[in-house]
Amino acid sequence: MTGTRLGETPDARLADAVRTVARVRDRGRRRSVVVVAGLLAAVVAVFAVSLSVGDMVLPLGTVVETLFGGGDGGSRFVVLELRLPRALLAVLVGVGFGLSGAVFQSLLRNPLASPDIIGISAGASAVAVTASLLFQVSGLALSGSALSGSMAAGAAIYLLAWRQGVAGQRLVLIGVGFGTGLSSVVWYVMARSDTTDAQEAYLWLTGTLNGRSWGQVWPLLTALAVLVPLTALAARALGPLRLGDDAAAGLGARVERDRLALLGCATALAGVATAAAGPVGFVAFVAGPIARRLVPGRGAALPHAALTGALIVLVADLGAQHLLPSVQLPVGVVTSIIGAPYLLLLLARANRGGSGG
Amino acid sequence: MSGPVLQGTKEPTTRTSERRRARSRPVLALGLLAAVAVLLLTVLASLAVGSGDVALADVLDGVFHPDLGVKGQLIVQEVRIPRTVAGLLAGAALGLAGTVMQGVARNPLADPQLLGVNAGASVAVVCSISFFGFTVVTQYIWFGFLGALLAALLVYGVGSLGREGATPVKLALAGAATSAVLTSVTSAVLLQDRESYDRFRFWQLGTLTARDADVLWQVSPFVVAGAVLALLLGPQLNALSLGDDLARGLGQRVGLARLVSALAVVLLCGAATVVAGPIGFVGLAVPHAARLITGPDYRWVLPYSMVLAPVMLLVADIVGRVVAPPGEVQVGVVTAAIGCVPFIWLVRRRKQVEL
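In order, the protein sequence lines correspond to chains A and B. The first sequence begins at 0 in numbering that gives the first Met the number 0 and counts up by one. The second sequence begins at 0 in numbering that gives the first Met the number 0 and counts up by one.
Looking at chain B on its own, in the form it has when it is part of the complex (with noise of 0.2 Å):
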C-alpha cells in the first residue's frame, strides 16, 4: 500500500543518474553566492516597494541613518524594516524546516501543513485568543510557538509508537491525522466563538506585518539556534535518506539524528508562526526547488533553501503590496496561489520526484 511517495526508496538506476546531475562544490558555492546576491536584491526591492510613494535616496538614508522627521525615511525606517526582517526570519526557518522534514520523514510532501506543525500552533492561538480574552498579536503568538511544540512532540510520539519506531510512513500518517484532529478542535471552539472566529481568519492568512521590531528581536535567538542545528544535520540526512538499515551500517545513530531533527524542525516551526502566521507552502516547495539545482545532497540543499525560501516569501509579500491596491494581499495568500504553479512545473518537469 505505501507507494514510492511515502517510502521515497530509490532505484539503484535512478541513483547513477542523480550522481551525473549532481554538481561539482566550485559551481554549486558560486551559485549559492549567486542566490544570495539574488535574496540582497530582493531584500532591497522589499524596501522600495509598497504603497506610500518613497525615493529611492530615502530608502537608503532610511536604513543606514535615518531621519525620522522625513515621512520617506520614517516608513522605512518604522514598517518597511520589520517587514523586511520578519520576511527574511520566517523565510529563513520555513526553508529549513521543510528541508529537514522531508529529509527525516523520507517524502517529498514533508512540510508543517502535512506534519500538524501549523494545526498544533492554530490551535493554540485559537485557545488564547478564546479561552484567555487575548486581543494583541505580541499576547498570542507565544502561545502558538507552544501549540507548534506540542504538536511536532505528538506528532513525532506517536509516529514512533509500536516496534519499529517512526518509519516515514507513519510520521506522515501520524501529522495528517493530528492535524484533522487539532483542527477540528480549532474549528468546534471557533464555531461556538464568533469574536474568536473573526481574529483567527485574519491570523491563518498569515502575514508579514504588524510584528514589531521587539517580537523580532526574542525570536531571531531562536531562529539562529534552529538554523545552526538544521545545517549540521546535512550528513546525517544524506545518511537517513539511503535508509534506516544503511544508515546504522554506516555508523550513524538513527534515533538521535531524528530526535536532533524534531528539535529543529520545533525550533525553527514555532518562530516561524509567531513571525507570520501559519504560512503553508514555503517549506514544501522551497527544498524541492533547492534540490533541482543542487542534486540530492543534503549539505547543499539545506544552505539553498535557507536562502531562496526568503526570496520567495519577500518576493511573494512584494507581489501581494501591489497586485491589488489600494489593499494588500497576505503573503500567506500569494505564496501558495503562486507558489502551486512553479511546484506544479517542477514536479511535471522531474521523472521522479527524489529525496
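If we strip away everything but chain A, and leave its shape as in the complex, we get (with noise of 0.2 Å):
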C-alpha cells in the first residue's frame, strides 16, 4: 500500500487496488489454464506411445490411422482389442483415484486421509479377497464385491466418526484404526487358502491392469461419466468447507449435507477405480499433494489432481509393461515406485515449515 499521493482520490485508489487483486488473479487463472493444458498433453502423448509400443511396435500413423477404421487386421486387433482399453483403463482409473484422494485430502485437511490410509481400499480388499478365496467369485461379480467393500467401509467409517457431526481428525483416526482391521482380515483369508488362489489375489492387491479388457472399460467409464459430474457440482462446496465448519457454516454452506456429499462421491470414485484394477497403490495418495504443488494457491486443484493421476497410472502401467523384459510387473509396484519419491522430493524441496502436502 503506497502512501497517499498529492492529487490521488480515494477512488482512483480503490480503482487501482482492484487491478491490482484482478492482476493476480489473472496469473494464477492463467497459470492454472496453462497447467491443465500441460498436462492433459502429456497424457494424450502418452497415451499415444503406449498405444504403438508392444511387443510389435507400430508408428504413430498406422496408430492413428487404425483408431480410426483403418489398419490390417494384425494392426487393428493389437491396437484395437489390447492396447487401448488397457491405456484407457489406465487413464480412467488414475482419474477416478486422483480425484477421490483429492477430494478426501482437501475436505478433511490432512495430506494422510487419501483412500488407501483411511480404510477404503482396505474395505475393497477385504471384500473383494474374502469373496473370491471363500466363495470362488470371479469377473464382474468381483469387481461388484470391491466396490460394495469400499463403499460399506466409508459408510461405516462415516458413521462411526458420526458425533453430532464428523470431525476431519475422528475420520481419519478412526478410518486409519479400521483399516487396520480390515487389512489383518485380508491377510488371515490369505494365510488361510491355498497357495495359487492367494498368490492370484495377492497380485489383484497390489493393483494390476494385466489382462484387463472392454468388459471393465465400459462400467467404469459409465460410472466415472455419472461421478466426476457429480463430484464437480458437490466440490462447490469445498471452497467454503475449507475454512473451517464455523466459517462455512457463516458462509451460508449446509456443513454435515455438503461434506455427506463429497465423502460420498469420493469413496463412489475409489471404490470404482478399485473394482476395475484393484487397490492401485499411491495415486490417490500423491495426485492432490503433487497437482497442488503445480498450481500453488488454487485450492483443491481438482482437475489437476484428476489429469496428475491419470498420467501417474498411464506412465506406470508403460513401465510395468516394458521395464522388464519377459517380466508383467502390476501395476501397482510401479505407481508407488515412481510416485512416491517424486512426493518425498516435493516433500524435501518444501521450504515452508510444516506446510508439507
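One or more of the hints may lead you astray.
Unchecked claim - If we take Cβ atoms under 7 Å as the criterion, some of the chain B residues that face chain A in the derived model are:
no., residue
1, 142
2, 187
3, 279
In case anyone wonders, no lab produced these hints; they're calculated from the structure. The C-beta atom is built at its ideal place from N, Cα and C for all residues, glycine as well.
Hints given; two lone chains; assemble the complex.
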C-alpha cells in the first residue's frame, strides 16, 4: 500500500487496488489453465506411445489410421483389442483415484487422508479377497464385491466417526484403525487359502491392469460419466468447507450435508476404480499434493489432480509392461515406486515449515 | 492443508482442561501398580490357557521346578513360557516405541506401520528369503531388524531434508511414502517367487510362537536398552509436544532429543519385529489408552504404555488360542481385528485427540 499521493482521489486508489487484485487473480488463472493444458498434452502423448509400443511396434501414423477405421487385421487387433482398452482403463483408473484422493485430502484438511490410508481401499480388498478366496467369485461379480466393500467401509467409517457431525481428524483416526482391522482380515484369509489362489489374490491386491479388456472399460466409463459431474457439483462446497466448519456455516454452507455428498462421491470414485484394477497403490495419495504444488494457491485443484492421477497410472503401466523384459509387473508396484520418490522430492524442497502436502 | 491431526497444536482452552484431568502423582503411581498386577494375572493366564489341558498345579510346578517327564510341565516349559516371554518383550517394545513415535512426530497416528518401520522389516525379510534362500525363522529375523533400522533412518533422513528439519508433517508423509515404496518392492519380489510368498504370508501375520528361547535371550538386551532410553525421554517429549520453538526456548536440544528418540524406536521396533513379526496397531492404540488414564504427561504415559501393551498383546494371544479350535488365530490378526474396536470407542469418546 503506497502512501496517499498528492492529487490522487480515493476512487483512483480503489480502482488501482482492484486492478492489482485482478492482475494477480488472472496470473493464477492463467497458470492453472497452462498446467491443465500441459498435463492434458502429457496424457495424450503417453497414451499415444502406449498404443504404439509393445512386442509389435506400430508407427504413430498406423495407430491413428487404425483408430479411425483403417489398418490391417493384425494392427486392428493389437490396437483396438489389446492396447486401447488397457490405456483407456489406465486413464480412467487414474482419474478416479486422483480425484478421490484430492477430495478426501482437501475436505478433511489432512494430506494423509487418502482412501488407501483411511480404510476405503482396505474395505474393498477385504470383501473382494474374501469373496474370491472363500466363495470363488470372479469377473464382474468380483468387481461388484470390491465396490460394495469400499462403499460399506466408507459408510461404516462415516457412521463410527459421527458425533453431532463428523470432524476431519476423528474420521481419519477411525479410518486408520478400521482399515488396520480390515487388512489383518485380508492377510488372515490369504494365509488360510491355497497357495495358488492366495498368489492370485495378492496380485489383485497390488493393483494390476494385466489382462484387462473392454469388459472393464465400459462399466468404469459409465460410472465416471456419472460420478465426475456429481463430484464437480458437490465440490462447489469445498471452498467454504476448507475454511473450517464454523466459517463455512457462517458463509451459508450446509456443512454436514455438503460433506456427506463429497465423501460419498469420493468413496464411490475410489470404489469403482478399485473394482476395475484393484487397489492401485499410492495414486490417490500423491496426485493431490503434486497437483497442488503445480498450481499453488488454487485450493483443491481437482482437475489437475485427476489429470495427474491419469498421467501417473499411464506412465506406470507403460513401465510395468516394458521396464523388465519377460516380466509383467503389476501397475501398483510401479505407481508407488515412481510416485513416492516424487512426493519425497516435493517434501524435501518444501521450504515453509510444516506445509508439506 | 496440514490439519490438527498432523500438527497436534493445541488451543489454550484444551490445555487447561488437560491440566484439570491430570491426576495426582500418588494416584498415578497406584494405578501403575494396579496395571502391573493385571499384567501378572495376564501372564498367569497365558501360562495356563491353551490347547493341551494342563492342570494349574502343573503350570506352577512347570515354571518353578519343572519335571520334564510330566507332559503338562513340559508344555509349560517348552511352549508357553517362551511364548509368554515373547509377548512381554514384544509388547513392552511396541508400547514404548509407539508412544515415543507419537510424541516425536506430534501425531496421534504415528506407529511403526505408518512410519514405514514395518515395511522396512518386511522387505528385508522377503529379500533374505528370496535371494539367500533362508528357510528358518532364526536366520531371517536378523534381516528384519536390519530392515527396520534402515527404513527408520531413511524416513528420518528424508523427513529432515530441507531447511527447517524434521517437522511432524514431513515425518508422517515421508513415512507413508517410504512405506509405499518398500511395500511395492516386497510385492515385486514376492510376485515373481511363489515359494517365498508362501513363507512370507505367514510371517506377515505376526505370531508369538516359533521363537525359541535363544532368540529371546539375544533380543532382550536390545529391548532393555531401548526401554531405558525411552523411559528417560519423558521430559524431552513433554517439551517437544509444545512445539519446536517453545521446546528450544525451554532449553531443550530438539535435534538431540529427536535423535535419541529415533535410536530408541529403532531398537524397540526392530526387537519387536524379530520376536513377533510385523505386529501393527499395538503401538498405535496403547499410547492412546495410556493417555486416557494419565493425561498428557509423558513421564507417566511411557511406563503405563510399557505395562499396558504386553497386557493387550498377551490377551490377544490367549484369545487367538481358544477362538477357533482346533487351530489358532495369529496374534497380529487378533490385535488388529479386536483391537480396533476399543480404539474406535476411544477416539469417539474424546472431544479432541490431544497429545
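Note to self: When the structure is checked against the list of hints, which entries are broken? Sort them ascending.
What the structure shows: Of the numbered hints, just 1 does not hold.
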